[in-house]
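J.: Given next are the chains, with one letter for each unit.
2 protein chains.
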Amino acid sequence: MSIKLTTLDNGLRVITDTVPAVESIAVGFWADVGARHEVAAENGVAHMVEHMMFKGTPTRDAAQIAEQIENVGGQMNAYTSREITSYHVHLLKEDTDLALDVLSDIIQNPTMPDDEVERERGVILQEIGMSLDTPDDLVFDQYQETAYKGQALGAPILGTSDIISNMSRDTLMAHVERFYTPQRLVLAASGNLDHDYIVSKAEALLGNLPVHEGRDAAQAEYSGGEIRVSKDLEQSHIILGFDGLSRHDDDFYAVMVMGTALGGGMSSRLFQEVREKRGLVYTVFAHHSPYQDAGQMLIYAGTGPEKLPELVPVLCDEIMAIQNNITAEEFARAKAQIKADMVMGQESMMRRTNQMGKHLIHYGEVPDLQKKLAKLDSLTIEDLQRAAKRVFSTKPTLAGLGPLGQLESYDKISERLAA
Amino acid sequence: MSIKLTTLDNGLRVITDTVPAVESIAVGFWADVGARHEVAAENGVAHMVEHMMFKGTPTRDAAQIAEQIENVGGQMNAYTSREITSYHVHLLKEDTDLALDVLSDIIQNPTMPDDEVERERGVILQEIGMSLDTPDDLVFDQYQETAYKGQALGAPILGTSDIISNMSRDTLMAHVERFYTPQRLVLAASGNLDHDYIVSKAEALLGNLPVHEGRDAAQAEYSGGEIRVSKDLEQSHIILGFDGLSRHDDDFYAVMVMGTALGGGMSSRLFQEVREKRGLVYTVFAHHSPYQDAGQMLIYAGTGPEKLPELVPVLCDEIMAIQNNITAEEFARAKAQIKADMVMGQESMMRRTNQMGKHLIHYGEVPDLQKKLAKLDSLTIEDLQRAAKRVFSTKPTLAGLGPLGQLESYDKISERLAA
Numbered sequence: 001m002s003i004k005l006t007t008l009d010n011g012l013r014v015i016t017d018t019v020p021a022v023e024s025i026a027v028g029f030w031a032d033v034g035a036r037h038e039v040a041a042e043n044g045v046a047h048m049v050e051h052m053m054f055k056g057t058p059t060r061d062a063a064q065i066a067e068q069i070e071n072v073g074g075q076m077n078a079y080t081s082r083e084i085t086s087y088h089v090h091l092l093k094e095d096t097d098l099a100l101d102v103l104s105d106i107i108q109n110p111t112m113p114d115d116e117v118e119r120e121r122g123v124i125l126q127e128i129g130m131s132l133d134t135p136d137d138l139v140f141d142q143y144q145e146t147a148y149k150g151q152a153l154g155a156p157i158l159g160t161s162d163i164i165s166n167m168s169r170d171t172l173m174a175h176v177e178r179f180y181t182p183q184r185l186v187l188a189a190s191g192n193l194d195h196d197y198i199v200s201k202a203e204a205l206l207g208n209l210p211v212h213e214g215r216d217a218a219q220a221e222y223s224g225g226e227i228r229v230s231k232d233l234e235q236s237h238i239i240l241g242f243d244g245l246s247r248h249d250d251d252f253y254a255v256m257v258m259g260t261a262l263g264g265g266m267s268s269r270l271f272q273e274v275r276e277k278r279g280l281v282y283t284v285f286a287h288h289s290p291y292q293d294a295g296q297m298l299i300y301a302g303t304g305p306e307k308l309p310e311l312v313p314v315l316c317d318e319i320m321a322i323q324n325n326i327t328a329e330e331f332a333r334a335k336a337q338i339k340a341d342m343v344m345g346q347e348s349m350m351r352r353t354n355q356m357g358k359h360l361i362h363y364g365e366v367p368d369l370q371k372k373l374a375k376l377d378s379l380t381i382e383d384l385q386r387a388a389k390r391v392f393s394t395k396p397t398l399a400g401l402g403p404l405g406q407l408e409s410y411d412k413i414s415e416r417l418a419a
Numbered sequence: 001m002s003i004k005l006t007t008l009d010n011g012l013r014v015i016t017d018t019v020p021a022v023e024s025i026a027v028g029f030w031a032d033v034g035a036r037h038e039v040a041a042e043n044g045v046a047h048m049v050e051h052m053m054f055k056g057t058p059t060r061d062a063a064q065i066a067e068q069i070e071n072v073g074g075q076m077n078a079y080t081s082r083e084i085t086s087y088h089v090h091l092l093k094e095d096t097d098l099a100l101d102v103l104s105d106i107i108q109n110p111t112m113p114d115d116e117v118e119r120e121r122g123v124i125l126q127e128i129g130m131s132l133d134t135p136d137d138l139v140f141d142q143y144q145e146t147a148y149k150g151q152a153l154g155a156p157i158l159g160t161s162d163i164i165s166n167m168s169r170d171t172l173m174a175h176v177e178r179f180y181t182p183q184r185l186v187l188a189a190s191g192n193l194d195h196d197y198i199v200s201k202a203e204a205l206l207g208n209l210p211v212h213e214g215r216d217a218a219q220a221e222y223s224g225g226e227i228r229v230s231k232d233l234e235q236s237h238i239i240l241g242f243d244g245l246s247r248h249d250d251d252f253y254a255v256m257v258m259g260t261a262l263g264g265g266m267s268s269r270l271f272q273e274v275r276e277k278r279g280l281v282y283t284v285f286a287h288h289s290p291y292q293d294a295g296q297m298l299i300y301a302g303t304g305p306e307k308l309p310e311l312v313p314v315l316c317d318e319i320m321a322i323q324n325n326i327t328a329e330e331f332a333r334a335k336a337q338i339k340a341d342m343v344m345g346q347e348s349m350m351r352r353t354n355q356m357g358k359h360l361i362h363y364g365e366v367p368d369l370q371k372k373l374a375k376l377d378s379l380t381i382e383d384l385q386r387a388a389k390r391v392f393s394t395k396p397t398l399a400g401l402g403p404l405g406q407l408e409s410y411d412k413i414s415e416r417l418a419a
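Taken in sequence, the protein lines are chains S and X. Read in order, the letters of the first sequence correspond to residues 1 to 419 in our numbering. Read in order, the letters of the second sequence correspond to residues 1 to 419 in our numbering.
Be aware that one or more of the hints could be misleading.
A pair counts as met if it fits within one copy or between any two copies, since identical chains are not told apart.
Below, a list of computed lysine-lysine pairs in the BS3-like style, where the Cα atoms sit at most 27 Å apart [what the hints assert, rightly or not]:
(1) Lys93 <-> Lys375
(2) Lys371 <-> Lys93
(3) Lys231 <-> Lys149
(4) Lys307 <-> Lys231
Calculated directly from the structure, the hints in this document are not laboratory data. Note that the structure is a prediction, hence the values are computed from the model and not measured.
Just chain S, with the same shape it has in the complex (with noise of 0.2 Å):
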């Protein structure tokens, strides 16, 4: 086993996965708190945060701390999901020192200066304006605020203009203290590297980081409906969603293979009908995602505004036909585009650390690709029925944005989907 774990006194978990045979390092924090956590007048503001730790801190400024990063080739970058924040950088072995240096300092000591508060604003304002400009972005912000109609879970990652432009430096500092605690945190690592060296170098530069309260996420609750924007648009964007399941749930790997199944590949259900024997789209697919306590499936197509009455009935007769039919071929394929996938995906040190820091937030526990492949194996085609009809008898959300005239009723949709 390659994998080791580590919990510091404070609590911080130090998790690193040794891999000899390459020359580089991909390192990074891990933070059990994304957009979800946020109140709703503060929405935005764990992004926010995520550009503010670069900039600046007591003894690194902005330009330093990128300078001192790609002084030596390393590649940083950090996202905000909806239950995630992470913050990483893959570099050559070398240079774990300064990786770990420069990331701790980061993360615990941002001075966010009122002058670079004001500047990212303007940074922030501007990725909102390329969203809104970006119709497959677009629909699917659309479609998270109508799955989860007044919750922070349905609320966008990037925030609003409004309260992005009114966001103050106390908002930033107060959830870097609430939510930046050794408890929230995880430090992964891939690589060619040695887990004590990484536990030692972890103990001093984060054995001081102060213990706070935090703040749970609020449960979810799937409300589902309809939300269409009509915009002139040369495609018309759909996302047909239902409530999913969460990653903790029995049936969770069932409707993962599912879902592959349905729109995961080019030899898909959905790739197969709507794209190569109809020609109706460039882009579709079926996905399923999962939260701690919840979970999204969902269907996304872009097509012409005239070929919408042909593709939503055929949509939905796949989404109802895939709850019957499952062939034992089907079943065997979409298994093992995963376990190939899961496989090849440990080639990449950056994905590697990412899969292992998000896992143990999520699970609390070290991941384990044998325990998962075998989780795969157990599975039976009447599981996957069962997730199916499990997935899909929940109450539909609609989500449609472009030249939207000839999409049909909500409704309609809805009895098409009634068993």
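Since the structure of chain S is provided, determine the placement of chain X on it from the hints.
T.: Positioned in the frame of chain S, the structure of chain X alone reads:
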């Protein structure tokens, strides 16, 4: 040296890179043909052929092609660029034979049934629609058309709706016959493999591929100038570009390093000045991309329309400054970034294979990482300054998309860029 090259009797080259530490193999064909080899009336044929190659052979229909690869969890993909068309698969090493069988079959024996041509026409028309709805795709096509007016190199890779609506099966088949010939094809593979075995398979599968004349692309003639397309968007998308250098130019490495210092990362001049110091954009970058006989040096930025009057002069100032004052620290950092990216990029089998296939087509020789690193090490700051002066003294190309009322005139921008 882990890379080996064998040329078959018919001229087809087989290049492999053995990496025993991984469990997978990435394998595919790289063809010396892209959108710039097209005649104007057939613009989009290279890309449409790429799609049609997956639509069936005498022994496999479209569904079987996808299923056979995905049955073993393989990931199959393809791309068409202006100079290259590629078809590739990433899968577990025990499925090497399958990958070679399927890939060799689809590129040698496409049947292109009429009904499949009709359906794929629909798919590509949707792909064009999606591209028209994505501002930071569209502005790059507009830029290209302006930089290389009236030339195949300036035409969109996807073609236009009009041409695609009328593309005939004969045109598609003629493109395959003309360009998919042994002397234009490279079979490349990286991963857990045996070179001699791959060569023997290639001999059996590809030894009878007929030789045809092909057709050379016309010499690129950079034209420069401007295009402004007003559109109701949140952001104004701007590209400011120049005549760059061929990958065979003595200054090619110098211009690549200079471009990285100007706008290649978080520590680059543009990122620091435009995003970090002024908060004007979320995205800004500079990039040099080479062709066989030309190159493209361009800067992209997306900003709110009211910020254009501040943004454009800053871009021009940075372009002027970097021709004279690159520091030793910036020079070293840009080199380190490119070198680390080359080394760490080796960890991805797919990226490694893609680099190798393209390199062999473009340079006619086996890629040598140590030689590339040595070339970078032999550069001087004077080389970078000279390269900067060479590209930035050419006639600018300006492409703008979005609300452009506050974008100053092309003449005014040209004036700012005159020494």
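J.: Between copies, within a copy, both or neither: which fits lysine 307 and lysine 231 at Cα up to 27 Å?
T.: both (16 Å within a copy, 25 Å between copies)
J.: Measure nothing new, just compare the shortest in-copy and cross-copy C-alpha distances for lysine 93 and lysine 375 to 27 Å and report within, between, both or neither.
T.: between (34 Å within a copy, 23 Å between copies)
J.: At most 27 Å between CA atoms: does that hold for lysine 231 and lysine 149 within a copy, between copies, both, or neither?
T.: within (22 Å within a copy, 32 Å between copies)
J.: I want to check one pair: lysine 371 and lysine 93. Are their C-alpha atoms no more than 27 Å apart within a copy, between two copies, both, or neither?
T.: between (29 Å within a copy, 22 Å between copies)
In this structure, every one of the numbered hints holds.
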